[in-house]
Amino acid sequence: MSQRIHDTRRSKQIRRDRLGRGLIALAAGLVLAIMLLIIVDLVAGGASVLSWEFLTAMPRARLTAGGILPCIVGTIAVTLVTTLFAIPFGLATAIYLNEYARDTWGTRLIRLAIRNLAGVPSIVYGIFGVALFVNGLSLGTSIISAGLTLGLLTIPWTITASEEALRSVPPAWREASLALGASRWKTIRSIVLPRAVPGIITGGILGITRAAGETAPLLFTGAAFSLPGLPQSVFEPFMALPYHIYVLATQHEKINAVRPLAYGTALVLIGMILALSLVAIIIRARLRKRHGGASL
Amino acid sequence: MLTMPKPSDQAAPDGIQLPAITVRNFSFYYGSNRVLHDISLRIPRNEVTALIGPSGCGKSTFLRSINRMNDLIAGTRSEGEIIVGDAEIHTPATDIVSLRRTVGMVFQRSNPFPKSIAENITYGPRLWGIRDRWQLDQIVEETLRQVGLWEEVRDRLGASALALSGGQQQRLCIARAIAVKPEILLMDEPASALDPIATRRIEELILELKERFTIVIVTHNMQQAARISDRTAFFYLGEVVEYDTTRTIFTNPRQARTEDYVTGRFG
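Chains as they are written, first to last, in this note's numbering: chain A, 1 to 296; chain B, 1 to 267.
Think of the hints as simulated: they come from the structure by calculation, not from any bench.
One should not assume that every hint holds.
Unchecked claim - Some chain B residues well away from chain A (every beta-carbon gap over 12 Å; in silico): (1) His37; (2) Gly85; (3) Ala87; (4) Val97; (5) Arg131; (6) Trp134; (7) Glu203; (8) Gly264.
As the list claims (entries may be wrong) - From chain B, some residues computed to sit far from chain A (all C-beta separations above 10 Å): (9) Asn33; (10) Ser98; (11) Pro112; (12) Asp132; (13) Ala198; (14) Thr251.
Unchecked claim - Each pair of labels, with its calculated beta carbon distance range: (15) B/Glu152 - A/Arg189: 23 to 33 Å; (16) B/Ser165 - A/Arg102: 30 to 40 Å; (17) B/Ala74 - A/Gly136: 36 to 46 Å; (18) B/Gly166 - A/Ser183: 22 to 32 Å; (19) A/Gly136 - B/Ser32: 41 to 51 Å.
Idealized CB from N, CA, C, for every residue including glycine.
Chain A extracted, bound-state conformation (with noise of 0.2 Å):
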């Protein structure tokens, strides 16, 4: 007995399943290090700027004073926009292939599409923006056009995030409905999407923070290097936090003397991004609570 609790054998396995839970706990510090260190740095460059003004003023002497408002105002229209866009229509796919398509070619056709479109370069959304919004449909650089850029970009992510939310509620809730004589859409309605709500919504807020972060697909789309005013409407050109930090890190001609305000707004894009997350949380947690708590 005390031969196999001292068996040498043994023992070098718990050393080696130490070691391997130590690397892996390393590697998750590590995600939260990096994530500490990001912050602090901005935080420390930035700092300095924030005040009232700096969120609620225009920007003044050649962007070196002054505010960020019409960068804010400009990311807020677009994400809306790509909100609006990205939504509904990565969640009508994702009915369409969870709900009522069968496995034929084409649906896998589909799918390989969205895999590939999740895979493609945001740069190479900015030229197709162009191609198809700026000049196809001649709604200009605009909010609008900058919008519907950044909604494609994040179709990929909403499509896939409402199919795992579909794909949560249980088969034998539809069996039940379609039981008692209900059609598909009804089923869809009364049954599937009101379980499916608080996932589709989620993982499209998160799709949506990162298209917010997006620089490339406004570079060619309606984004501005510095405009006299907030724009009128979404067919107007517009300022945005991503493209302002691109702007006074490596395009401005006093680079140094800007560089606090460059590190202060994107403390004011990480910050806005954050609270999109904590919305997502909120809701998902009100509607789980509302719909009978754990999923089956």
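With chain A fixed as given, assemble chain B onto it according to the hints.
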């Protein structure tokens, strides 16, 4: 709505004067795999007909052919006919929605919707356009009484159905199915996931319900088939080996295979 035919004086060799369901040379395929072979039988009204047989024998597929739930599976195909009332149900013109209103179904695992107890019951009637609050309340009480659940849940009709016990959930599912006033109730092993006491209650309920509905039940439990059914069909490898009164099947079967199965020698 499908209608039942008028009684006739036609001679009926199987002693069934007025079948609720008539099956003629029915075969069913998953892709090229034929899982039901040329089944012909007549299921009488207001009786309990049990479908028994080993796993994979086709009894569930047959049951789900009666309300065309197999339509949900891609690549299925049928031959022959199943007549419910006076309508062949496997035609392109079949109104599946009406069919499923006439032929209700209770599943193996209780599957109440993640809604309140009352909403589970009213889901079907609402589909059929009943909106009146008072009428819906009546239906809720009436059907819950029929399944013996009213006294247990009358104070919490607005509570989530998922909070009920397994046996209660299954009775709620039966209530939900009968709330649309079907003529036939299909039950796919409705008690197999329940404890003996809950099973007992479901069996008693089935015996009460046959006064008003024609019941077709798939069961793996021989004793259950013997206790509650009037007729039994023994399925094996996609064929109906024997179909007769339950008494005959269990005491004096004509086929050796039937006897082997009901006495537990194989299966």
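So, going through the hints one by one against the coordinates:
Every CB of chain A lies more than 12 Å from the CB of B/His37, the least distance being 26 Å, so the non-interface label holds. Against chain A, the non-interface label of B/Gly85 holds: every CB pair exceeds 12 Å, the least being about 15 Å. B/Ala87, annotated as away from the interface, keeps every beta carbon of chain A farther than 12 Å; the closest lies near 15 Å. Not every beta carbon of chain A lies more than 12 Å from that of B/Val97, the smallest distance being close to 5 Å; the non-interface claim is violated.
The claim that B/Arg131 is not at the interface with chain A holds, since no C-beta of that chain comes within 12 Å of its own (minimum 15 Å). Every Cβ of chain A is farther than 12 Å from the Cβ of B/Trp134; the closest lies at roughly 22 Å, confirming the non-interface assignment. The Cβ of B/Glu203 sits about 21 Å from the closest Cβ of chain A, beyond the 12 Å cut-off, so the non-interface label holds. Consistency note on B/Gly264: stated as away from chain A, and its beta-carbon is indeed over 12 Å from all of that chain's, at 31 Å minimum.
The Cβ of B/Asn33 sits about 17 Å from the closest Cβ of chain A, beyond the 10 Å cut-off, so the non-interface label holds. B/Ser98, annotated as away from the interface, has a beta carbon of chain A within 10 Å; the closest lies near 7 Å. Not every CB of chain A lies more than 10 Å from the CB of B/Pro112, the least distance being 8 Å, so the non-interface label is violated. B/Asp132, annotated as away from the interface, keeps every beta carbon of chain A farther than 10 Å; the closest lies near 19 Å.
No beta-carbon of chain A comes within 10 Å of the beta-carbon of B/Ala198; the shortest separation is about 18 Å. For B/Thr251, the requirement that its beta carbon stay farther than 10 Å from each beta carbon of chain A is met, with the minimum near 35 Å. For the hinted restraint 23 to 33 Å between B/Glu152 and A/Arg189, the CB-CB distance of approximately 31 Å keeps it satisfied. Separation of B/Ser165 from A/Arg102 is about 37 Å and conforms to the stated range, judged on CB atoms against 30 to 40 Å.
Restraint check, B/Ala74 to A/Gly136: a C-beta distance of roughly 38 Å satisfies the suggested window 36 to 46 Å. For the pair B/Gly166 and A/Ser183, the beta carbons lie near 30 Å from each other, so the given range of 22 to 32 Å is met. Against the hinted window of 41 to 51 Å, the Cβ-Cβ separation of A/Gly136 and B/Ser32 comes to about 48 Å, which satisfies the hint.
Hints 4, 10 and 11 from the list above are not met by this structure, while the remaining hints are.
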